[in-house]
Amino acid sequence: MKYVDEFRDPRLIKQASEEIRRLTDPSRHYRIMEVCGGHTHAIYRFALADLLPPNIELVHGPGCPVCVLPMGRIDEGLSLVEQERAILATFGDVMRVPGRHGSPLEHQARGADIRMVYSPLDALRLAQDHPDREVVFFAIGFETTAPSTALTLRRARELGVSNFSVFSNHVTIVPAIRAILDSPDMRLDGFIGPGHVSTVIGARPYAFIARDYGKPVVISGFEPLDLLQSIVMILRQLGAGRAVVENQYGRAVPWDGSLPALRALADVFELRPYFEWRGLGFISQSALKLRPEYAPWDAEARFAVAGVQITDPKAAQCGEVLKGVLKPHQCKLFGRECTPEQPVGALMVSSEGACAAYFNYVHRRTAAASV
Amino acid sequence: MTLLAAAPTTRFADRQIDMAHGAGGKASRRLVEGLIVPALMAASVGDPLSDAAYVTLGDTRLAFTTDSFVVRPLRFAGGSIGDLAVNGTVNDLAAGGAVPIALLCSVIVEAGTPTDILNAEMEAMGAAADRARVRIVGGDTKVVEHGKADGLYITTSGIGRVDPRAALSPASVRPGDRIIVTGPIGDHGITVLLARGDIDLAADLRSDTRSVYPFAAALLDEVAADLRWMRDPTRGGLATSLNELARDCGLSMVLDEERVPVRDEVRGACELLGLDPLHIANEGQLIAVVAGGSADRALESLRRVPGGESAAIVGRVEAAPARTVLAVAAYGGTRVVDMLVGDPLPRIC
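If you read the protein sequences in the order shown, they are chains A and B.
Numbering follows this note's numbering, in which position 188 of the first sequence is assigned residue number 188; successive positions increment by one, without gaps.
Numbering follows this note's numbering, in which position 140 of the second sequence is assigned residue number 140; successive positions increment by one, without gaps.
Do not take every clue at face value.
Computed list of lysine to aspartate or glutamate pairs in DMTMM-like fashion (alpha-carbon distance at most 25 Å, straight line) [to be verified]:
| # | chain 1 | residue 1 | chain 2 | residue 2 |
| --- | --- | --- | --- | --- |
| 1 | B | Lys148 | A | Glu82 |
| 2 | A | Lys314 | A | Glu270 |
| 3 | A | Lys332 | A | Glu270 |
| 4 | A | Lys2 | B | Asp204 |
| 5 | A | Lys14 | B | Asp204 |
| 6 | A | Lys323 | A | Asp312 |
| 7 | B | Lys148 | A | Asp132 |
| 8 | A | Lys327 | A | Asp25 |
| 9 | A | Lys332 | B | Asp14 |
| 10 | A | Lys323 | A | Asp50 |
| 11 | A | Lys327 | A | Glu57 |
| 12 | A | Lys289 | A | Asp75 |
| 13 | A | Lys314 | B | Asp14 |
| 14 | A | Lys2 | B | Asp256 |
| 15 | B | Lys148 | B | Asp198 |
| 16 | A | Lys2 | B | Asp200 |
| 17 | A | Lys2 | B | Glu271 |
| 18 | A | Lys332 | A | Glu320 |
| 19 | B | Lys148 | A | Asp50 |
| 20 | A | Lys14 | B | Glu258 |
| 21 | A | Lys14 | A | Glu57 |
| 22 | A | Lys2 | B | Asp264 |
| 23 | B | Lys148 | A | Glu57 |
| 24 | A | Lys314 | A | Glu276 |
| 25 | A | Lys289 | A | Glu270 |
| 26 | A | Lys14 | B | Glu271 |
| 27 | B | Lys148 | B | Asp116 |
| 28 | A | Lys2 | B | Glu258 |
| 29 | A | Lys289 | A | Glu276 |
Since the hints were made in silico from the structure, they are not lab data.
Make a model of the complete structure from these sequences and hints.
Here it is as structure tokens:
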């Protein structure tokens with residue numbers, strides 16, 4: 001299969017893996033953060049740890065939208081179904097995120113009208129097909145998915161669909177990276193930069209990481225060879241004492257990003273003064289809300305949204321895992337109270353969450369080996 | 001699938017029944033083991049799961065099984081609910097080492113369903129039964145209000161005579177045995193998903209629904225004494241069936257990922273949707289575990305059966321890590337393959 005098989009070529013992967021061994025200093029420990037949840041999933045799915053020397057540690061970053069969504073937002077979305085008799089439409093990943101009284105999937109099983117969609121345009125179509133119902137799209141994601149929400153909102157406005165609105169949980173990646181860099185327990189040597197987000201925002205927004213914090217950033221694709229090559233590039237920078245932004249994922253990421261997508265974002269969204277991130281707390285200017293021109297399609301402007309704050313279960317250590325301070329299996333709940341089937345913390349929900357990826361692809365292998 | 005339980009059991013503690021409890025993966029297993037078996041078959045708590053139950057009458061050992069079909073939509077490329085209803089039950093008997101003899105068929109029809117649709121499905125069942133050489137000997141019909149059964153639900157129950165050469169049991173599986181599949185995996189699940197039209201993907205793909213009895217018969221003819229275990233990997237796919245085996249026999253199933261036959265259309269759809277072909281339902285494949293020394297002969301016998309040309313040896317049984325399924329990629333990475341969790345593709349059969 002084109003664009004897949006060549007990036008899983010055993011011969012090339014072996015070469016890259018050997019190159020990584022050559023470039024590492026055995027006396028040094030390397031901590032490299034992959035920011036994006038898609039990368040976290042790929043690292044476990046492709047068992048890249050098997051191909052890396054033991055002194056390279058991959059630290060899982062905050063780039064999994066479902067994982068950083070605070071529980072209160074789920075409850076608010078669900079409350080719209082009850083209060084407004086609305087149809088709530090959302091992506092599959094959100095369906096299993098636990099709210100206080102169960103996940104959207106559990107609410108759906110009890111009769112709540114919640115629909116899984118693959119695109120926000122499908123949610124708009126639902127609104128057109130059910131003119132007597134309110135349809136709320138529970139929007140989630142980084143700059144990767146925000147443009148499709150923006151284009152859908154433009155279309156809703158053009159077509160004058162008045163029973164459609166968006167509950168925006170879109171967040172932006174750069175403030176989260178900055179929060180991690182400013183965190184006192186940060187000990188990172190470099191970053192594997194987000195792939196999908198960068199197709200929209202390009203490579204420029206990461207310049208400060210190299211310039212102000214002296215850390216290499218390499219934007220990476222999602223296949224095993226992409227990730228290994230990105231690690232090679234980071235190690236080369238570290239070896240040469242350099243820190244710049246490089247783009248390994250040139251086949252998808254233009255240096256300046258996608259201008260039409262950025263225009264759509266600027267047209268529809270503005271930054272919130274602050275937004276709560278699960279595990280990371282409040283981060284200023286880190287999330288997107290609809291501009292006033294789009295208020296008629298803004299669920300937060302149209303309906304009473306309480307702004308509930310719910311603290312995570314005390315024992316769950318999602319925050320520490322999100323910041324890379326703890327490995328998933330070091331959390332007290334991991335694999336016992338908290339599993340992909342019955343997640344307590346959101347990192348266990350999405351396949352991009354570090355805990356779910358670790359549980360699915362690694363956990364039993366190491367558990368069995370240690371017996 | 002007729003479900004028997006395996007130890008250890010825990011009480012079913014979920015607050016309500018969700019779609020995942022019907023998906024054939026972890027949640028289904030919990031429901032069956034934790035609630036249904038303790039209530040109905042307390043004496044069987046601790047027995048391994050199998051595709052069919054066994055009943056002995058005098059000197060004759062019979063396999064007995066039942067399966068319900070709630071697929072949506074009713075028709076899809078390569079088949080329909082009628083085909084599934086016959087083949088699904090025939091396949092449970094065949095995987096249980098039995099020659100299918102007779103089926104009963106129960107239909108629940110939604111009021112307002114066009115007669116043509118019901119007629120077409122009954123004809124599909126008749127034709128599938130002829131192809132599978134099994135007789136439908138009776139049944140039952142119920143009608144429910146409009147809006148209640150999504151057109152048509154079908155349940156079939158089947159009885160078969162266990163082949164005396166079959167000595168199938170997870171307990172007979174040994175390290176060094178080979179894992180064989182009869183053809184490309186995931187065709188059925190992805191075909192039904194695409195037939196729903198929820199996603200704008202088009203692929204030239206058909207359900208693999210068919211009787212797998214000819215494969216089971218070929219294996220019994222060729223390597224009976226070395227045939228350890230068979231399963232018809234429907235909901236939850238190859239991964240779920242092999243996890244059940246790994247748990248029941250306490251060994252490790254190691255897949256050579258590159259050798260698992262998967263069509264490009266299925267791989268592509270799975271890559272796009274974040275699914276694993278190993279978790280996708282099949283309706284016309286058989287997995288068999290065969291002693292290492294007989295594996296090549298077993299494979300040849302499967303490839304001689306029409307439709308078995310792409311059968312493949314996809315992995316081997318190892319002692320450790322216990323109760324685990326692993327997949328080794330061509331480039332050297334090894335990952336754990338879990339049972340299906342949740343329900344990414346509801347109502348696939």
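Here is how each hint holds up against the structure:
{"no.": "1", "hint": "Lys148(B) x Glu82(A)", "result": "holds, 23 Å"}
{"no.": "2", "hint": "Lys314(A) x Glu270(A)", "result": "violated, 33 Å"}
{"no.": "3", "hint": "Lys332(A) x Glu270(A)", "result": "violated, 39 Å"}
{"no.": "4", "hint": "Lys2(A) x Asp204(B)", "result": "holds, 17 Å"}
{"no.": "5", "hint": "Lys14(A) x Asp204(B)", "result": "violated, 35 Å"}
{"no.": "6", "hint": "Lys323(A) x Asp312(A)", "result": "holds, 16 Å"}
{"no.": "7", "hint": "Lys148(B) x Asp132(A)", "result": "holds, 23 Å"}
{"no.": "8", "hint": "Lys327(A) x Asp25(A)", "result": "holds, 23 Å"}
{"no.": "9", "hint": "Lys332(A) x Asp14(B)", "result": "holds, 22 Å"}
{"no.": "10", "hint": "Lys323(A) x Asp50(A)", "result": "holds, 23 Å"}
{"no.": "11", "hint": "Lys327(A) x Glu57(A)", "result": "holds, 11 Å"}
{"no.": "12", "hint": "Lys289(A) x Asp75(A)", "result": "holds, 18 Å"}
{"no.": "13", "hint": "Lys314(A) x Asp14(B)", "result": "holds, 22 Å"}
{"no.": "14", "hint": "Lys2(A) x Asp256(B)", "result": "holds, 21 Å"}
{"no.": "15", "hint": "Lys148(B) x Asp198(B)", "result": "holds, 22 Å"}
{"no.": "16", "hint": "Lys2(A) x Asp200(B)", "result": "holds, 20 Å"}
{"no.": "17", "hint": "Lys2(A) x Glu271(B)", "result": "holds, 12 Å"}
{"no.": "18", "hint": "Lys332(A) x Glu320(A)", "result": "holds, 12 Å"}
{"no.": "19", "hint": "Lys148(B) x Asp50(A)", "result": "violated, 51 Å"}
{"no.": "20", "hint": "Lys14(A) x Glu258(B)", "result": "holds, 16 Å"}
{"no.": "21", "hint": "Lys14(A) x Glu57(A)", "result": "holds, 19 Å"}
{"no.": "22", "hint": "Lys2(A) x Asp264(B)", "result": "holds, 10 Å"}
{"no.": "23", "hint": "Lys148(B) x Glu57(A)", "result": "violated, 54 Å"}
{"no.": "24", "hint": "Lys314(A) x Glu276(A)", "result": "holds, 17 Å"}
{"no.": "25", "hint": "Lys289(A) x Glu270(A)", "result": "holds, 6 Å"}
{"no.": "26", "hint": "Lys14(A) x Glu271(B)", "result": "holds, 23 Å"}
{"no.": "27", "hint": "Lys148(B) x Asp116(B)", "result": "holds, 19 Å"}
{"no.": "28", "hint": "Lys2(A) x Glu258(B)", "result": "holds, 16 Å"}
{"no.": "29", "hint": "Lys289(A) x Glu276(A)", "result": "holds, 13 Å"}
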